[in-house]
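One line per chain: the protein sequences are A and B, in this order. With numbering that gives the first Met the number 0 as the guide, the letters of the first sequence map in order to residues 0 to 93. With numbering that gives the first Met the number 0 as the guide, the letters of the second sequence map in order to residues 0 to 476.
Since the hints were made in silico from the structure, they are not lab data. Here the structure is a predicted model, which is why all the values come from computation and not from measurement. Backbone N, C-alpha and C define an ideal beta-carbon position, used for all residues, glycine too. Hints should not be assumed to be uniformly reliable.
List time: in silico SDA-like cross-link candidates among lysine to any residue, alpha-carbon distance up to 20 Å [to be verified]:
#1 B:K382 / A:Q46
#2 A:K71 / B:K81
#3 A:K3 / A:T23
#4 A:K28 / A:D12
#5 A:K76 / B:K93
#6 B:K273 / B:V293
#7 B:K93 / A:F79
#8 A:K90 / B:D333
#9 B:K324 / A:K28
#10 A:K28 / B:Y410
#11 B:K382 / A:Q49
#12 A:K41 / B:K81
#13 A:K71 / A:S83
#14 B:K229 / B:P240
Label-pair ranges, simulated between beta-carbon atoms [to be verified]:
#15 B:E21 / A:F75: 35 to 45 Å
#16 B:I96 / A:E82: 42 to 52 Å
#17 A:D63 / B:E271: 49 to 59 Å
#18 A:E32 / B:E368: 17 to 27 Å
#19 A:D44 / B:T412: 19 to 29 Å
#20 B:E31 / A:D44: 52 to 62 Å
With the Cβ distance kept under 8 Å, some of the chain A side facing chain B (calculated, not the full set) [to be verified]:
#21 L30
#22 F36
#23 C39
One letter stands for each residue in the lines below.
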Amino acid sequence: MEEKIKLIQRLADMGMLAFDEEETSRMAKELDEILSFVDCIKEADVQGVQPERKVVNFEDLREDIAEESLSKEDLFKNAFHTESGCFVAPKVVE
Amino acid sequence: MMNYTVKELRQLLDAKKISVKELLDGYFAEIEKKNPIYNAYIIVTKEQAYKQADYAQKLIDDGKAKALTGIPMAIKDNIMTKGILTTCASQMLKDYIPVFDATAIRKLYEEGAVIIGKTNLDEFGMGCQSKNSYFGKTLNPLNTDYIPGGSSGGSAAAVAGGLAAAALGSDTGGSIRQPAACCGLVGLRPTYGRVSRFGLAAYASSFDQISPIAKTAEDCGLILNAIAGKDALDMTSASAPAEDFTSAIGQSMQGKTIALVKEFLEEETDEEVKESVLAAANIFKKMGCGIKEVSIPDIKYAAGAYYIISSAEVSSNLARFDGIKFGYRSEDGDTYKENIKFTRNQGFGWEAKRRTMLGLYCLSSGNFEDYYNKAMLIKTKIKQEFQKALAECDFIISPVMPVKVFKTDSYDTTKLYKKDIFTVSAALAGLPAISVPCGIDSNGMPIGLQIIAKEFAEKDLIAACSAFEKQYEKREA
Chain A
0 MEEKIKLIQR
10 LADMGMLAFD
20 EEETSRMAKE
30 LDEILSFVDC
40 IKEADVQGVQ
50 PERKVVNFED
60 LREDIAEESL
70 SKEDLFKNAF
80 HTESGCFVAP
90 KVVE
Chain B
0 MMNYTVKELR
10 QLLDAKKISV
20 KELLDGYFAE
30 IEKKNPIYNA
40 YIIVTKEQAY
50 KQADYAQKLI
60 DDGKAKALTG
70 IPMAIKDNIM
80 TKGILTTCAS
90 QMLKDYIPVF
100 DATAIRKLYE
110 EGAVIIGKTN
120 LDEFGMGCQS
130 KNSYFGKTLN
140 PLNTDYIPGG
150 SSGGSAAAVA
160 GGLAAAALGS
170 DTGGSIRQPA
180 ACCGLVGLRP
190 TYGRVSRFGL
200 AAYASSFDQI
210 SPIAKTAEDC
220 GLILNAIAGK
230 DALDMTSASA
240 PAEDFTSAIG
250 QSMQGKTIAL
260 VKEFLEEETD
270 EEVKESVLAA
280 ANIFKKMGCG
290 IKEVSIPDIK
300 YAAGAYYIIS
310 SAEVSSNLAR
320 FDGIKFGYRS
330 EDGDTYKENI
340 KFTRNQGFGW
350 EAKRRTMLGL
360 YCLSSGNFED
370 YYNKAMLIKT
380 KIKQEFQKAL
390 AECDFIISPV
400 MPVKVFKTDS
410 YDTTKLYKKD
420 IFTVSAALAG
430 LPAISVPCGI
440 DSNGMPIGLQ
450 IIAKEFAEKD
460 LIAACSAFEK
470 QYEKREA
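Next up, chain A with everything else stripped away, as it sits in the complex (with noise of 0.2 Å):
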């Protein structure tokens, strides 16, 4: 247990999720169930497959043209916290 405990700490620590204790035990046992689901993938038999990732066809490209973008007002309406025309963001320097 204290393996898979840690192993949600590290994900949690990339995913930028502060779970607290609860949280943290409770992810390990769905994620545990989850993945006991999606195991079943291991059997198929994708000998021979070649990957697809293709979904964008880049000869197919607008023409690149300049145009009025949204205001400085527009994109600062949703932010929690401005300030003389910057967001304003928590420390960063600890």
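Based on these hints, arrange chain B on the given structure of chain A.
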């Protein structure tokens, strides 16, 4: 009036038997009465709607009405509407007011459609019961003990409950088709790329499609006519030519071939669902269609592959929410990183966090090959299996869900994921698929039939679905 289809409302509006304003009065009265029960809408946009109504009425009076002019429509709250709250049913965006319209919304406005409100969903589209919402769960208007399906459950409940003439939702792995099935409606997932995703809050970008939900296949076609097309703002939108998706309705089904997915008979499909789908095949047969069986051997891996790929995309798509430039911000945490961690942990619901974690696990080194890459190969293989099957038939049919409509939390998570098998497989293959009622179960709830067509064959799909609808209604009557 609340039971009219879009097409019928069009005739009433054009014949001046009713005005757009009168129509809105009727819908808003119903919403006031019933939305407190169903919780279909997160926000009702009365003021904006009456303004749009003036414009729509003018178009009608000038003889310039299009198919959706003056039609009261509900919009799933993960589609951006300029100046109107768009929450994605998340605390993270509970106060978010977009400064731009989604392309599909812009196109609806151009048609003169009237937006009457934004509908509830599972947060960001993640769920199948419309209960993973910061704004509470949505109930099924046919019987409030049952789920309305999800994630577009608010849109489905609005249309089924007579609180909108039709609606837009979105479908990633079945989010329009399952609610349609649960609420006795028709829901169309277009071919991936058919409708621009610009302004649709991203859940799993390689599957997401804005999709119509309505009372008939023809209504879905009318909405698709308005919103489809290549868009410079979405690189994945397809350049398939515009067409009238309702133009093949009424053509004979004689000589078309319908294929049953063999595996659905073998999977743990509920007996009543099985019977209804087989009866649906029989209806097609009576219309002169050939019936055969096809096999999608890897369909049993579809749900697993889908949840891996979609969750991987969730972990990436939800990474943008840090509470700095927009959205909820926590008061907790002294440092930048700590504050963002608290913001995200408090702002997201449990399912969004769980899928973020699953995605991160499947993408992390050591697991990438076994999970993400393997799932992508299965996706390709399933797509090939569908292509092969569709080379031998015109349409493939299956149940929408292998289970009957159920009450909230009747199943645990893995069972809920597993029952997505038929809807996620069409999504993995990128194919258009429609959900249409094909029976009533012993609880009096509808059973949904899924019809899958070839890539970009929405016109034929809508025609086949419409033909089925008419024969099914005849049988019921």
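Structure-based check of all given hints:
The straight-line distance between the Cα atoms of K382 of chain B and Q46 of chain A is roughly 15 Å, inside the 20 Å bound, and the hint therefore holds. Between K71 of chain A and K81 of chain B, the direct Cα distance comes to roughly 16 Å. Compliance with the 20 Å bound is thereby established for this hinted pair. Taking the CA atoms of K3 of chain A and T23 of chain A, the gap is near 9 Å; set against the 20 Å cutoff, the hint holds. Taken as a hint, the K28 of chain A and D12 of chain A pair is honoured in the structure, with Cα atoms around 18 Å apart against an allowance of 20 Å.
For the hint linking K76 of chain A to K93 of chain B, the alpha-carbon distance of about 14 Å falls within 20 Å, and the restraint holds. Of the supplied pair hints, the one linking K273 of chain B and V293 of chain B holds, its CA atoms being roughly 16 Å apart against a limit of 20 Å. Among the hinted pairs, K93 of chain B with F79 of chain A is consistent with the structure: their alpha-carbon atoms are about 12 Å apart, no more than 20 Å. Taking the CA atoms of K90 of chain A and D333 of chain B, the gap is about 8 Å. The hint holds against a cut of 20 Å.
A distance of roughly 34 Å separates the Cα atoms of K324 of chain B and K28 of chain A; the hinted pair therefore is violated under the 20 Å criterion. Restraint check for K28 of chain A and Y410 of chain B: the C-alpha separation of about 17 Å stays at or below 20 Å, so the hint holds. Taking the CA atoms of K382 of chain B and Q49 of chain A, the gap is about 12 Å. The hint holds against a cut of 20 Å. Distance check on the hinted pair: K41 of chain A and K81 of chain B sit about 45 Å apart at the alpha-carbon level, beyond 20 Å; violated.
In summary, the hint linking K71 of chain A to S83 of chain A is supported, as the alpha carbons are separated by about 12 Å, within the 20 Å threshold. For the hint pairing K229 of chain B with P240 of chain B, the CA-to-CA distance comes to about 8 Å; that is within 20 Å, so the pair holds. As the Cβ distance of E21 of chain B to F75 of chain A is approximately 41 Å, the hint placing it in 35 to 45 Å holds. Range check, I96 of chain B to E82 of chain A: Cβ separation about 21 Å, and the 42 to 52 Å hint is violated.
For D63 of chain A and E271 of chain B, the Cβ-Cβ distance of about 57 Å falls inside the hinted range of 49 to 59 Å, so the restraint holds. Remark: the range hint 17 to 27 Å for E32 of chain A to E368 of chain B is upheld by a beta-carbon distance near 23 Å. D44 of chain A and T412 of chain B have their C-beta atoms about 27 Å apart, which keeps the hinted 19 to 29 Å range intact. In this structure, E31 of chain B and D44 of chain A meet the distance hint of 52 to 62 Å, their C-beta atoms being roughly 57 Å apart.
Given hint, L30 of chain A at the interface with chain B, holds; its Cβ is 6 Å from that chain's nearest Cβ, closer than 8 Å. With its C-beta approaching chain B no nearer than about 4 Å, F36 of chain A sits inside the 8 Å limit, and its interface hint holds. Contact between C39 of chain A and chain B, as hinted, is supported at the beta carbon level, the nearest pair being about 5 Å apart and thus within 8 Å.
Checked against the numbered hints above, the structure breaks hints 9, 12, 16 and satisfies the rest.
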